[in-house]
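S.K.: The primary structure of each chain is shown beneath.
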Amino acid sequence: SVLTQSPSVSGAPGQRVTISCTGNSSNIGAGYDVFWLQLLPGTAPKTVIFGNNIRPSGVPDRFSGSKSGTSASLAITGLRAEDEGDYYCQSYDNSFSGWVFGGGTKLTVL
Amino acid sequence: EVQLVESGGGWVQPGGSLRLSCAASGFTFSSFEMNWVRRAPGKGLEWISYIASSGHNKKYADSVRGRFTVSRDNANKSLFLQMSSLRAEDTAIYYCVRVVGGRWGQGVLVTVSS
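If you read the protein sequences in the order shown, they are chains A and B.
Counted from 1, the first sequence has number 90 at position 90 by the numbering used here; the numbering is strictly sequential.
To get the numbering used here, take the position in the second sequence, counting from 1, and add 1000.
Among the hints, a few may not be true.
[What the hints assert, rightly or not] EDC-like mimics (lysine to aspartate or glutamate), calculated; alpha carbons at most 20 Å apart, straight line: (1) B/1058 x A/93; (2) A/46 x B/1001; (3) A/46 x B/1089.
Keep in mind that the hints were calculated from the coordinates and are not lab data.
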């Protein structure tokens, strides 16, 4: 994948976890917005963060995004069992002239 | 409420063709850029096509360029993906996605197999 994510992260209910995403000067580092997608088992992708740090309506404020240089992060506080699933980062890449994605991070709620 | 509903998926033999549709509602479709993204079984997400709001600018991933064609009908709030010369590796769930705000459809399964 063009964007790099750690394969897995875990945390106990109520804890805070962060998921990182590293790109390069053709995507995140070029100033393009970062999206974070949530894929729960058997469901379609859902955007939980767009525009680097904007939550769509209906997404709890437990989810927050940040971006710096060629990297971005998704933080989830107050972990809940229903947060368990796969999370992908997404941005635009000017060398591909299209969206690029991370390989996904599997979040396990212990 | 913003809704994107894909249809037209199914089983097709290698070399065959299929046309996917995406019906939009709950927003001014003609004002928004759209993408097609797919997810193959057991794999990650792959962007495959973009179309500008007017339909005049289109882009494709290398993996589908020359075989897939994206189009739209703004009057009927619909997005299309014409797929031809299909290969086994095109087997995936295909999603239409609104660029602004990252709104996704529920996806439609395309299976290419003999």
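S.K.: Of the hints stated earlier, which fail here?
M.R.: 3
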